[in-house]
Structures are given as structure tokens and as C-alpha cells.
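Undergrad: Letter by letter, the chains look like this.
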Amino acid sequence: MSLVQKGRGITLVGLALLGGVYVRALAFTPVERLQGPAQKIYYLHVPAAIWTETAIIMVGLAGAFYLFLGDRRLDLFAQASAEVGTVFATIVLTTGPIWGKPIWGTWWTWDARLTSMLLLFFLYLGYLLMRGAVRDPALAARYGAVLGICGACLVPFIHFSVYFFPTLHPQPIVLKPSTPSLPGSMLTTFLSSFAVFTLLYVGFVTQRYAIGREKELGEAGSHA
Amino acid sequence: MPEVPQNAAYMVAAYVVAAVILLLYTVTLWLRGQKPPRFPPPPPAPRPPRS
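Those protein sequence lines, which keep their order, are chains A and B. Under our numbering, the first residue of the first sequence carries the number 31, and numbering increases by one thereafter. Under our numbering, the first residue of the second sequence carries the number 71, and numbering increases by one thereafter.
No wet-lab data here; the hints were simulated from the structure. The structure displayed is predicted, hence computed values, not measured ones. Don't take each hint at face value.
Under the rule of at most 20 Å between Cα atoms (straight-line distance), these lysine to any residue pairs were calculated in the SDA-like manner [unchecked claim]: (1) K245(A) x T98(B); (2) K245(A) x Q104(B); (3) K206(A) x S191(A).
Using the sequences and the hints, build the whole thing.
TA: This is how it looks when you write it as C-alpha cells:
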């Protein structure tokens, strides 16, 4: 079984389990009394946000190691993680405003958390555009590594921005020093969704990495 | 006791949008993985001239 097929398998399992999470979240998880059904957007928005941030940390780590070791596989992994991070960031930046409209009364506000997440999305886009624009693979990998490290440095700022600045965005209720503030059934739904997003990240990155590797080997073969 | 807000349409919209994004990316990766063989078959060797 090739790496692409393994990635596809993991992705398909992830999508099937995501269907299960949808059923659990929509039909079997209680409705929050103050926010109503819109609170259930949390079960998609937060896991996607966690993996958006984790993906850029992976890009930064892979980039830093690439600068020292020069291993092409690290750069391929960084590219894959950046692309998947962009997809998850798109989910965060669409589901967030859909939640914000009924709860805050506005689709968007320029507070620190939202603005820094938008900045990360633009950084992802810049990374992907740069990878397409720079023809020299070694140069593109070096530029990418620097962008990835910059993006990874942005993550603590995004996470702690709700503590440092007065924001409309709620403070973390699971990823915080004290115990999670979610009731048991809601926490189970959240953790299930987080596990599924983890599986989707692994499946997507595996596929994207394998496609990049095949492309490189193909180009090397055609130049030989 | 306050009434529970009726905003299920927003919830449905968010779940649909997330599913569409994930499915579109899955299809994109699937299509990009369906590449032609890495090395094209060599052209047929020319026939040797008849002597």
C-alpha cells in the first residue's frame, strides 16, 4: 500500500467518524441555555483552531530542522502541514463569524484574537503563494522555513491574546491551567471532535506529503 | 428563567460550511493523487534497416 493510499484511508476513516461527531453534537449533546444551538459551533471551531495553530508550529519546527539538516523530507512535510493548516484556518474563520453573529450581534470585530488569527491565515496564504512563485526549490524551502518559524512564534500571542487584551472572544474553557469548564457530555463531544480533527490532519498531511514526494521524484526522473 | 435563543440556522450553516470545506479538500487531494505514471514508457525502438 502506497503512502497516498494510507493517507486516503486515514482521511476516509476521519470523515466517517466526523459524521458520527456531527450526529453526537447535533442530536445527543445538550443545548446550552444562554447561547442556544449556536453554541454547538464550538465543537468544530475550537478543534479546527487548535489544529490551525499546531499545524503552523509543525511548519516552524520542520523549517528550523530543515535549516540545520537540509533534509528535503522536512521541507515536504512543512509544505503539507501549511496547506492543511490553511484549510483548518478557513474553517475557523468561517465558523467563527457564523457563531459571532447570533451571540455578539456582529459577524466580525477587530479584537486581538480575531485579528491575530486572520494574520495567521494571511501568513499561511503568503507561505503557499511564495512556494508557488519561487522556482528554486532550495531557496523556496529556506524562505518557507523562515515564514514557518515566524508563524510558530505567532501562536503563543494568538492563544494568550484573550488574557492580554480586552476582547469580545471568550477565554479558553478547555485549554487552560484549571480543569475544563464544560459539563461531561459536552466535554466528551468536544474531545471526540478533537480526536477526529487529529485524524483528519494526519490523513491530509500524509496524502499531501506523498503527492509532493511523488512530484519531486518524477521531476528528478525526468531530469535524469 | 431566560428563554433559550432560537439560532439553530446558524449552527446548521456552520456545520454545512465546515463539511463542504473538508470534503472539497479531500476531493482535491484525491484528484492530485491520481497522476499519470511517473516515468512515461519509452518510445518503441526503430526497426533495424533491412540489408
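Undergrad: Take the hints in turn and mark each one as holding or not.
TA: Results of checking the hints against the structure:
1. Pair hint K245(A) plus T98(B) holds up; C-alpha atoms about 16 Å apart against a cutoff of 20 Å.
2. Between K245(A) and Q104(B), the direct Cα distance comes to roughly 12 Å. Compliance with the 20 Å bound is thereby established for this hinted pair.
3. Between the alpha carbons of K206(A) and S191(A) the distance comes to roughly 13 Å, so the proposed pair stays at or under 20 Å and holds.
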